[in-house]
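First to last, the protein sequences are chains V and H.
Residue 117 is where the first sequence ends in my numbering, and the numbering goes up by one at each step.
Residue 1114 is where the second sequence ends in my numbering, and the numbering goes up by one at each step.
I should point out that these hints are in silico values taken from the structure, not numbers from a laboratory.
Some clues are possibly wrong.
[Stated by the list, open to error] Quick list of in silico lysine to any residue cross-link-like pairs, SDA-like style, CA-CA up to 25 Å:
no., chain 1, residue 1, chain 2, residue 2
1, H, Lys1049, V, Phe45
2, H, Lys1106, V, Glu85
3, H, Lys1042, V, Ala54
4, V, Lys57, H, Glu1064
As the structure is a computational prediction, the values presented were derived from the model and not from experiment.
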Amino acid sequence: GAGVSQSPSNKVTEKGKDVELRCDPISGHTALYWYRQSLGQGLEFLIYFQGNSAPDKSGLPSDRFSAERTGGSVSTLTIQRTQQEDSAVYLCASSLGWGARTYNEQFFGPGTRLTVL
Amino acid sequence: AQSVTQLDSHVSVSEGTPVLLRCNYSSSYSPSLFWYVQHPNKGLQLLLKYTSAATLVKGINGFEAEFKKSETSFHLTKPSAHMSDAAEYFCVVSGSRGNTPLVFGKGTRLSVIA
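From just these sequences and the hints, can you work out the full model?
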């Protein structure tokens, strides 16, 4: 009965390094979202997976950002060649898919705080 | 495109007095609207949601919000503030159906004074 989990909870990296952030959605949720929360920009959508459909990448800020979702469950957000402006809290959320009685309600994980030095 | 505007970045109230956090939305079709709360160092929690049913929506911890289409508003209220209500509150909009990404307001920080 666990909620959405994310790892690591904190990540400190040096500018130019690559980082991977992990999200485990609630079991049975077919939709998975990544958001970013930063001081200057508030909460922004990054990318969205729904079942086996092609992901909606319209929120990714640059081609240094990418995400995968393997087996329709766990997702990994990868940031290549990190920059200081990538410092933020990265939030993952999941929800039930189309046709479910409760739609659009997204359940959020605790986030990963990324600090780029 | 959809958007929400939270009219106050910071609201301060005394314990036991009413809370009003204001939100206006913009949407080209019938939206779903939400209020989320974020306590310090904690995750986002859904307070309440409007999805085209009753316009007065009741949520957790005594909060409620009223959807007013004519005013494009979805203000959050609570009759009596408690110290534990101090947190950041986000007004959020998404599409009317299905699973679409949420669009967040900038947030309103609520302070409760003893």
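* Give me the numbers of the hints this structure contradicts, sorted from smallest to largest. => Violated: hints 3 and 4.
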